[in-house]
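A.B. asks: Read off the chains here:
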Amino acid sequence: MIVELGHFALVLALLVAVFQMVVPAWGAYVRDRELMATAEPAALCQLGLLLVAFLSLINAHVTSDFSVANVVANSHSTKPLIYRIAGVWGNHEGSMVLWVLILALFGGAVAAFGRNLPPSLKANVLAVQASIAVAFCLFILLTSNPFLRVDPPPADGNGLNPILQDPALAFHPPFLYTGYVGFSIAYSFAIAALIEGRLDPAWARWVRPWTLLAWMCLTIGIAMGSWWAYYELGWGGWWFWDPVENASFMPWLAGTALLHSSLVMEKRDALKVWTILLAIVTFSLSLMGTFLVRSGVLTSVHAFAVDPRRGVFILAIMTMFTGGGLALYAWRARDLRQGGLFAPISREGALVLNNILLTTACATVLIGTLYPLLLEALTGAKISVGPPYFNMTFGPLMVPLLLALPFGPLLAWKRGDLLGAAQRLMLAGLLAVVVLAMALAGLRRGPILAPFGLALGVFVMVGAVSDLAYRARLGSVPLEEAWRRLKGQPRSAFGSALAHFGAGLLVVGVVATSAYREELILVMQPGEETKIAGYTLAFRGVAPATGPNYRETVGLFDVSRGGEAVTRLEPSKRIYDVPPQPTTEAGIHAAWRGDLYVVLGDAQTGGGFAVRIFFNPLVRCIWIGALLMFFAGAISLSDRRLRVGAPGRARRLLNAAPAE
Amino acid sequence: MTRKQRRGTLIGVCLAVLMMAVGLVLFALRDSIVFFHTPSDIAEKPVAPGQRFRLGGLVAAGSVKRGEGAKVDFVVTDTLKEIPVTYEGMLPDLFREGQGVVAEGKLTPDGRFVADTVLAKHDETYMPPEVAKALEAKGVKLGKGAYHPAGPVSQ
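Protein chains in written order, with my numbering: chain A, 11 to 670; chain B, 317 to 471.
This is chain A alone, in the form it adopts within the complex:
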């Protein structure tokens, strides 16, 4: 009964979305305030209905209602509660319901918090938002309905793929989707602006917080996915340039560019047309990510759907919104007034450089991801584009970006002083050179370029701190005065410095792990010892164990360093009950200098076990860097709330204009 209620709510949500797509937009066209005002209750109503649909699906999973096909296929009565809930979005149908729910959440948030938006802009934004909801509700109802029953119901379900039964992965999809879908707001605002043919700096002020929120969630979502792949798959790596990873990384790159260009638009009323284009492109890349992952054209754990109808449907949605958005852009962008002027050496100039490099890097990732698909479609040849391609194209493009990054915040708007900025970065440069010299002298192995990479990361990190120090006039005024000045800085200044610091830290982690990883593959007999990166590992043998829904063979490794016991690592090989699938659980000793990572392999003839041991230096910096970026976004976001007054002024101005 509850399942039918959810199904019914989803159908109603579709109808409400159709209403919300048509009526407010028509109202904005004929300038009828009452019709425009219907967008707000419609958006909230749509949100409520989708919430009912989603909760009823969760209910079916939690109560293990095996008369529902979706529950049968993806759940099992012995599965722990948290994974029964996470299992809702651990499959294709449920994850699409989560997708539209988040879409409606963002729409509802615009309806509820966007009180100071001009009515016609708000009506158009919510109408565009609703059109996306219509497309995806139709997609769910026609090709991937999670509410279908099976008759007769089986006694138990098929279970969830055990490698997905993991805390990081339980939260990875919601964050990732919030990121993907959050960019829909930027898209809707862009389309609404194009429809209205008007764009003021307040537009950027409205769009920026949403973009920032989406970017934060995408950052942490990608980081969680990477962290999961690192400790769960047992390959010892954290990023594989897998097409599915790229699918989430491309919107991140474009979204980062959008975040920076909308800054120029907000502060200087420039780069308007470009920002609109970037908003359309970013959301299109999010849609493409959904398409690549959900259509089954890629081989991966994410490709739930291999039904060709679904792929074609999502491709149609993607073509419609990307093509429609770009066509509207081509038609209307000319009407938007071009903004202010600035010198090449200025804050704006630096941000433009950031945008050029980020979008180009995004394009190279796009080419590498789509080239195999295109080649196969055109010639039938099957190829794969692996990490070497991405390292060779993406890497070099990041070098100028990271070199220029610390200069950006130190340049003034309109006309900057490059020499002055360079002087303020003396300390950062000096420390980078020290690190370079130390790395070149101390680390005799690894690629020759790696020390330069480490130095670059340090340069970015210290550069971010220098930015704050300069703002506080540290060194030229007394310490108390500097402290007072620092406290007086807006939160967004701390946000950007922290995000840049996190980016530098991430670079250090990436370079150190990639260049200086140590790896051993060997067969160990119980009682044998081996050494890696200063640690001594003694293999004590294996022991059987049982978990709530799996059995496992645990390898026991006593780890010591310089004669002192450090820890005991227990990597294992698991077999889950339902589905009966083996998985590998790595044993990881995480420390600041790096992770010791042990994987237990198959038993060999003669009593030994294959063992794979990694030492991943500074790998923690990668996740801490991403986490810092996430918090930096949150700090900047909290700053926005203090500025409620600013958009209000713009509204009075707009209202004063003859709108009706």
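Check the hints yourself; a few may be wrong.
[Claimed, not checked] Listed next, the in silico BS3-like pairs over lysine-lysine satisfying Cα-Cα at most 27 Å (straight line):
| id | chain 1 | residue 1 | chain 2 | residue 2 |
| --- | --- | --- | --- | --- |
| 1 | B | LYS422 | B | LYS397 |
| 2 | A | LYS424 | B | LYS361 |
| 3 | B | LYS397 | B | LYS387 |
| 4 | B | LYS422 | B | LYS381 |
| 5 | A | LYS277 | A | LYS497 |
| 6 | B | LYS387 | A | LYS541 |
| 7 | B | LYS361 | B | LYS422 |
| 8 | B | LYS320 | A | LYS277 |
| 9 | B | LYS320 | B | LYS361 |
If you're looking for bench data, these hints aren't it; they were derived computationally from the structure.
Assemble chain B onto chain A, guided by the hints.
C.D. replies: For chain B alone, kept in the frame of chain A given last:
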């Protein structure tokens, strides 16, 4: 600086970055793409020893032999032709005889494929689509389940 010079600088920087990117992409695409072949493809159109490619097919039943250390020998077949493979390292969890597999590496002059990567699958009923497609193209009949990750789902 005049408006024209400013615009010129902008266009110049854009072009420079784009040209660098295009150069990098072309260079990388020439050198670092890896082709996918089945044993029959190799029999029809031999690949030079030492050239990297991906070999896909089924692990032949009864062919897996563990050697010294973490060394493993097995045979990849598409039921028409087969190629012996040597791999040193950890096999993925779902590596099994009779199951689909993708190995990346090079051929030696005596026709043995030395793999440095054996790709993991994520699901036990799942076969990599490129393997399934290649096998079907060769006329090998596959059950419906070989293609689809989850059995009796979706309508």
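A.B. asks: Run every hint past the structure and note whether it holds.
C.D. replies: A quick look at each hint next to the structure:
1. For the given pair, LYS422(B) sits about 17 Å from LYS397(B) by alpha-carbon distance, which is consistent with the 27 Å threshold.
2. A C-alpha spacing of about 62 Å is found between LYS424(A) and LYS361(B), which places the hinted pair above 27 Å, so the restraint is violated.
3. Restraint check for LYS397(B) and LYS387(B): satisfied, since their Cα atoms lie roughly 23 Å apart, inside the 27 Å limit.
4. Taken as a hint, the LYS422(B) and LYS381(B) pair is honoured in the structure, with Cα atoms around 20 Å apart against an allowance of 27 Å.
5. With a CA separation close to 22 Å, the supplied pair LYS277(A) and LYS497(A) stays within the 27 Å bound.
6. In summary, the hint linking LYS387(B) to LYS541(A) is supported, as the alpha carbons are separated by about 21 Å, within the 27 Å threshold.
7. Pair hint LYS361(B) plus LYS422(B) holds up; C-alpha atoms about 15 Å apart against a cutoff of 27 Å.
8. The suggested pairing of LYS320(B) with LYS277(A) holds, with an alpha-carbon distance near 23 Å, which does not exceed 27 Å.
9. For the given pair, LYS320(B) sits about 57 Å from LYS361(B) by alpha-carbon distance, which is inconsistent with the 27 Å threshold.
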